[in-house]
Each structure stands twice: as C-alpha cells, then as structure tokens.
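Visitor: Residues per chain, in single letters:
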Amino acid sequence: MNLLWFEMVKTFSRWRTYIGFGFIALVVILTEVVMKLSAGEIVYRMMKSLQKDFLIFGNILNGWFVTTFIMNSLHIHIPFLIALVAGDMVSGEATSGTVRLLLIRPPSRYNIIAAKYVTALFYTAGLVIFLGLMCILPGLALFGSGDLILHHYGKFGLVFIPEVEIPLRMLFAFMAAVWSMTVVASIAFLLSTLVENSIGPIIGTMVVVIVFLVIGNFPFDFFHSLKPYLFTTYMVFWQRFLDDPIPWQEIARSAAFLGLHSIGLFFIASVAYGRKDIKS
Amino acid sequence: MGEPFRKEVVLKTSGLSKRFGTRWAARDLNLEVHRGDVFGFLGPNGAGKSTTIRMILTLLRPTAGSIEIFGKDLHKNRRSVLSRVCGIVEKPDFYLYLSAHKNLQILGSMTRRVPRDEIMEALDVVGLKSRAFEKVKTFSHGMKQRLGIAQALLTKPELIILDEPTSGLDPQGMKEVRELIRRLSSESEMTVFLSSHLLSEVELVATRMAVINRGELIVQGSVSELLEKETMGYSIQVSPLDAAINLIGKLPWIEILSAENSRIEVRVNPGHSSELNRLLVTNHIEVSSFYPHRTLEDFFLKITEGTSEI
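So the protein lines, in turn, are chains S and F.
In terms of my numbering, the first sequence opens at residue 7 and continues consecutively.
In terms of my numbering, the second sequence opens at residue 29 and continues consecutively.
These aren't lab readings, by the way, just hints derived from the structure by calculation.
Negatives, chain S to chain F, calculated, CB over 10 Å:
1. Tyr-24
2. Thr-37
3. Asn-78
4. Phe-86
5. Leu-143
6. Leu-146
7. His-157
8. Ile-167
9. Ile-209
10. Gly-210
11. Val-220
12. Val-277
Pair by pair, the computed Cβ-Cβ distance ranges are:
13. Glu-149(F) with Leu-36(S): 43 to 53 Å
14. Ser-286(S) with Glu-314(F): 54 to 64 Å
15. Ser-216(F) with Ile-269(S): 42 to 52 Å
16. Ser-286(S) with Ser-250(F): 33 to 43 Å
17. Gly-249(F) with Ser-286(S): 32 to 42 Å
18. Ile-135(S) with Arg-242(F): 53 to 63 Å
We treat Cβ as the ideally placed atom computed from N, Cα and C, and that holds for glycine.
Please put together the full structure from these sequences, using the hints given.
Guide: Written as structure tokens, this is what we have:
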C-alpha cells in the first residue's frame, strides 16, 4: 500500500497529470457554450430529417444528449491524454534518473511495476469520470433534462430512452468507457517499460490506436475480416448501454475481450521490466 | 600465536561478469569487502566500476558469477539483503518537483517506516535541514549529492555503496563528502564501498581498495600495503637545472621523466625521497619546491606493465 500511495503522490504532484483534466474542462465547456449559443440551429437540423417520419415533442437537445454527443466526439482525444501520463509512468523514472534510486530498494520490481500500473489505471478512471461529470453537470445546468433520442451510426431507426432510465445507463456507459480506456493505458504502460523516454510510448500508443481504428474502418473485405480481432472495435462498447434493449451478451463479450487485453499487456510489461537491465 | 583476526566479509563477488553484446564490461571479478572497510573501487572512466555497482545493487543482471552480501546470495535474498544496503549509482537524481523532505520520505519508506524526526536528522547530517521543504529543482549539484548521501543514510544501512560520490563537486564539496564518509565509517561503523577514478581520493579515505581496468580486476588489498611499495612521482623546482640533472641522473633509484624550465619530473623508489632532497641541498642546488604526485595513470602503468612488486 505504501508503494501505491507514493506512486499516487508522485503522479498527482506533477503538472503534467493535470493537462488532461484542463483540456477536458476547456473543450467540454467550450463545446457546451457553443452548442447553447447555436441551440436553435442544432434543433432545426435534427428535427428537419426526423419530422418526416416522427412526431417529436419536448426538450431533445438536453444535457444527456449533449453528453452523448461529446463522448462520441472525444474518443480519439482521450487516449492521447491517457497516454500522456501512463506512457510516462515508468520511462519517466528512467529519463529523470530516479529509477536508479527506486529499484535498489527492497521491494521487488514486480511490486513497483504493479503499484505504477494501478496508479495509471486510477488516473485513467479519474480522467473518464471527470469527463463524465464535466459533460453531465454543466450539460444539465445549461440544457436541462429530458428523454434521450439517439440515432446510432450505421444502424436503422432511433433509440428512445426515457429520462428516468438515463442516469443508471450513463453510469454503466462511463464504467464501460473506463474499462475500454484501461487497454489504452495498458498499451502506453507496456511501451513505457520498454524505452527510456516518454515521447516514444505516447506517440507509439497513438499510432497503435489510430492504425487499428483505420484498419477497422477500411471498406475492404480483408480489413473487415480483421475487425473482430482489433481492440478498437470494442472500445466504443459503452454505446451499447444506450441501445434498446441493452445487448448484455455483446457487452460481456466486449468487456472480456478488452479485459484480457489489459491483463495480457500488463503481464508482458511486468515480465519485460522484471528482466530489464537498467543502464540509464 | 593464534590465528590472525579476520573481519567478517560483508560483500563478496565470485566470477562476477557482465557482457553487453560482444563486449565484456566486467569479467571474472572476485571482490571481498570486510565489515568496517572504506573500500575504494578504483578504475579509469569506462573501466566497469558503474557496471559492477549496478550488478551489486540489482540494476543489472550478471551474465555470470554470484554476489553474496552479509553471507547471503543477493538474488535469492534480495529483499532482506537490500534492506541493509543503500547507495547512489552515478549522480543522485531526485523527484525535482517534490521537496527534499518528501523525496526522503518516499525513498526511505520503501525500506522501512521512517519517522519525520529521522528525516530531519539525516538532512541535518548533510547540512540541508534548513532547505528541507524546498523543491529539489532549486538545489545545486553539490546539494543533490549531499541529499543523495542523506537518502542513503536514512535507512541506517550496514553497507553503503557510493558511485563517484565527489564527482562534479567543488573542492569544498569534495572535502565535506570525504569527511562525511570518514565519519560514517568511524562513528556509525558502516561499511563504505566507494568507486572513484581518482587515486588521491581513494588514498585519502579508503582502508582497502581494488583496481579494475577494462572490466578486469588488476589488484586488491589494503591501501597502505598497495601504495607503500609503489614508486612515487615528484615535481622539483631547482636551480641550476643542469647541475641538478648531472647530480641525480646517475642515481640507480631515480628515473628522470622530464626536465625543462627549472622543473624536473622524477620517479623515485620507495624510501628515497628525503635522501633526494638532502642530496640536492647539500650540493648547493637551490630547491624552491618539492612536491609528490601520484596519478592513477602512473599507478596503472606500473601494475599493468607488470613492473610493480605488488
């Protein structure tokens, strides 16, 4: 526990850790203010296509809708913010030279690496929860509450979620988003154990995420056949909590696939670091 | 007469070797450090000192050989052994964004629970008590070096390993660190293992020493025994120069290395230095300076040439 506490102290004493929180606060508030100012235009566009087939009453541009919109828009930015800290967890100690003081202490490298990994996951969860709170609280304050009407990309029809069900579904969705992002944190963490500077793991993580996303979205049969094996395919499984009915089996499969990735990546990281010669 | 008193062996390496690719950074090192020693580990830059220290402190995995500390195999008893050992490898680097106190709290508590008083005490020993709560990024190199020693002392180790502890320090800082090392050894009865590329530094503080070059152990033993048999270099300011050269040039126990601008550089066999000085003065040669110098290079040259009696 001591090790974990000290990793937390080190991580949360650095300004780098708060870049992500600052970025999210800025972007989310800015987006919400702009959406508020353009509310009339947004509602007009939404209604224009829907009114042909549906009769819609009430506040459709509400805080829950804004939250879902921002969550969908930031799925490439959040991994970068996670990599910024998780990619520096181990390599940062090599860059600063503190690794030489750290690894000559009695605790084993496996314990040290585990404490660092848990800290990286804690930061990841903190960042996603912060994103959620930043979306929901000002969103509800600015746009009010209401039922959630969504159209999922590539799917037929609309999803209607009554207002009363939304908070619990959102809670599950954010928990799923945290779960997804642990894979990104694990990739950055693994890369961080292999090199001695922080830039490599940060860029490396983004390259992996972007390449996998691109491969998964290429409209060719070959790439389509690879899609089930790419972790990025399952990263947006948080959206399934906003389906009707909720596809629990699909969610369980996605969660298991991502969980196995995280465990595997951490296992490789701990074995690699346990055997690594510290030359820095 | 009984058996001579033998001190406990605190650190023992047997056939310790490390290879990086095709290059051997350390090869077949057999070191023995006794309790209470200030053990100087001497070698030129790139000789393999840091590699050896990194293996002793578990930062590098040996390619071959074993390390025993306090009579236990280091790798099988890592936790219990390292709780009694501390050190600095190369320059001491800290978490610059944390205070000196917080750094020591974090590093010290990884070995044992360290009360706040003990942290302040350790900072006091190295003269940093008044800066305890300032961020380390405001510290000079010398202060970081002293903080490095404080973090090593904090866990009250029985064996302290210091890699080039005076590196980058000004003369005053070097003197302070040397005095601290002497004090640790005499007052706290710690065994100190320190590496250096300066023979003069080792000579000033160490009781035993080992010399390595190109990863191989050249010699090991008591500092006084190793150096007393060693020829000594002297730089002598004389006038007139020619008369001095004529006088001492034929002596069997002296070798003139160079002579120019009234200065003669000589190498003298042990026990002849005062005789040389007397000889010059009694022959009416004015001696305005006469000082010894012994460089690591000279020492290496001698022992690697195989001309040393050591």
